[in-house]
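Kindly generate the complete structure, drawing on both the sequences and the hints.
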Amino acid sequence: MEIRLKDYIKPGEVTAFVHCPSNFYKFKNNRSISYITDEIFHQNISVQKYLEKRIEKFSLEKFDRACQMVQLDENICFRNVSKLSRTEMKKLRLIEALLLNSETLVFVNFEQGFYEKSRNYYQKLLLKLTKYGKAIVVFSDDLTFLMGLVKKFYFVNENQCLLTDFYDDRLYECIPMPPLIEFVKLLRSHGLSMEKYVETKEILKAIYRSVQSGEHL
Amino acid sequence: MEKHIHLEKVQVECKGVTLFKNFTFDFLEGTDVCLIGLEGCGKSTLLSCIQGSTSFKGEILKEASCQVVLSRLCVDETIFNHLAYTTLSSEEKKLVDDFLKLSSYQYVISKLNETFQVRLAILDALLCHPKFLFIDDVLSSFTQREKQELFTFIKHLGITLFYVTSNMEDVLFFEYLIVMGSEGILMEGATQGVLLQERILKRLGFSLPFFVDLSLQLQSYDLLDHVILNGKELMNDLWKLD
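Sequences listed follow chains A and B, in order. Residue 163 in my numbering sits at position 163 of the first sequence, with consecutive numbering throughout. Residue 23 in my numbering sits at position 23 of the second sequence, with consecutive numbering throughout.
Honestly, the hints are just simulated from the structure, not real lab data. Since the structure is predicted, the reported quantities are computational estimates derived from the model, not experimental observations. Careful, some of the hints might be misleading.
[To be verified] Result set (DSSO-like, lysine-lysine): computed pairs, CA atoms no more than 27 Å apart in a straight line:
#, chain 1, residue 1, chain 2, residue 2
1, A, Lys151, A, Lys201
2, B, Lys202, A, Lys201
3, B, Lys232, A, Lys185
4, A, Lys205, B, Lys202
5, B, Lys202, A, Lys124
6, A, Lys201, B, Lys240
7, B, Lys240, A, Lys205
8, B, Lys9, A, Lys83
9, B, Lys202, A, Lys117
10, A, Lys117, B, Lys147
11, A, Lys83, B, Lys57
12, B, Lys232, A, Lys205
13, B, Lys240, A, Lys196
Shown next as structure tokens:
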């Protein structure tokens, strides 16, 4: 089975797929879809040369704005693409997608290698892009990253695409469970009144309320 | 005497960009180390310097053998052929069997999932019998339990581990933590001690492992007076169970 992205995505929304084998979707190069993957650049050319080849009417002014948007130093345009770090390569792919003004942006394991501050930044950026009518597609098994983006997502299991949430036990037979979910599940299994929280501050308040009210296990 | 791998004023220069200026560190046999670092600060490049595949300024003194794993293994051959299984000694065959826990080695490596491809890259390194093993941030598809099992396995072989990660939950597996920036080492020390420098870490852009973060926040609500790293223990402490 192969995912037909157009059956799932909508302009102005983030759609996420979890546990999706790479042969499940096919990258079809198309001006309206850009793929931001973690593939390594092997070309021995500068960033500017690379972008000039890929983008019609490449302008340094637009490039500088895109650099600001993805938090990349604009001096990168003189560096060799193959010498960039892995996270810089991902940022460059995102710049390319922004300069192409693609309608759909597909992020594949984009968050890997980024720490909290950058992850939060990119979560906000992706949500911001939806406000401009972009369709954002995220393929990732990092549920901690997805928690800041979506409430529900598609779980690909046994050739089926199931719409689910972060508390679906079937997920955790296949992918790592975030510690927050594991802890909330533990508390719920002991009868404590906990909702299906996905943020630390929510669980913190719930713990405070529970302990203060003298709730017992 | 403990053997070590010593890095003295190591740095890489590339078209006007200097990575990890004067990185100096002693990897001591028996002390597993975890490294986190700002994006683009040169974590992988540092490992490739140790591997010998990137030229650098400074000195790397190796008193013991070391192996570096920078990426997963993805080749179009079977595990059996790749390992040249028939040529392995009985000790090595046991290591392969214990490590892979597979009933057959006839799987084509490129068709395996990412976790297995990473395991095979690590196995290749283990079969070189290193004293030190350096692993880059390649374990993202592993569950925490799989990582724990992997690290325990490596430790039982008497190998000292150096692990680069972008997953803050992983740092808790290690006794020593280094925080790296583009200028070199920003912080280092016993892992819990470094993690308690919460404000500095957060200012640098790092999060804390979930239970460290939750414990510290519960302390500010006067619900806890120490850091607890385990969910069950935390639950028992908060709701006063024995």
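Taking the hints in turn, this is what the structure says about them:
Distance restraint check for A:Lys151 and A:Lys201: the Cα-Cα separation of roughly 17 Å lies within the 27 Å cut-off, and the hinted pair is therefore satisfied. A distance of roughly 16 Å separates the Cα atoms of B:Lys202 and A:Lys201; the hinted pair therefore holds under the 27 Å criterion. Only pairs whose Cα atoms come within 27 Å are accepted, and B:Lys232 paired with A:Lys185 is accepted, the gap being roughly 11 Å. Among the hinted pairs, A:Lys205 with B:Lys202 is consistent with the structure: their alpha-carbon atoms are about 21 Å apart, no more than 27 Å.
For the given pair, B:Lys202 sits about 18 Å from A:Lys124 by alpha-carbon distance, which is consistent with the 27 Å threshold. Between A:Lys201 and B:Lys240 the alpha-carbon distance is near 22 Å, which keeps this suggested pair within the 27 Å criterion. Between the alpha carbons of B:Lys240 and A:Lys205 the distance comes to roughly 18 Å, so the proposed pair stays at or under 27 Å and holds. Restraint check for B:Lys9 and A:Lys83: the C-alpha separation of about 22 Å stays at or below 27 Å, so the hint holds.
Of the supplied pair hints, the one linking B:Lys202 and A:Lys117 holds, its CA atoms being roughly 8 Å apart against a limit of 27 Å. For the proposed pair A:Lys117 and B:Lys147, the alpha carbon gap of about 24 Å is at most 27 Å, so the pair holds. Simply put, A:Lys83 and B:Lys57 have alpha-carbon atoms about 17 Å apart, close enough for the 27 Å limit, and the pair holds. Between B:Lys232 and A:Lys205 the CA atoms are separated by roughly 19 Å; this keeps the pair inside 27 Å, and the hint holds.
Between B:Lys240 and A:Lys196, the direct Cα distance comes to roughly 23 Å. Compliance with the 27 Å bound is thereby established for this hinted pair.
The structure meets every hint from the earlier list without exception.
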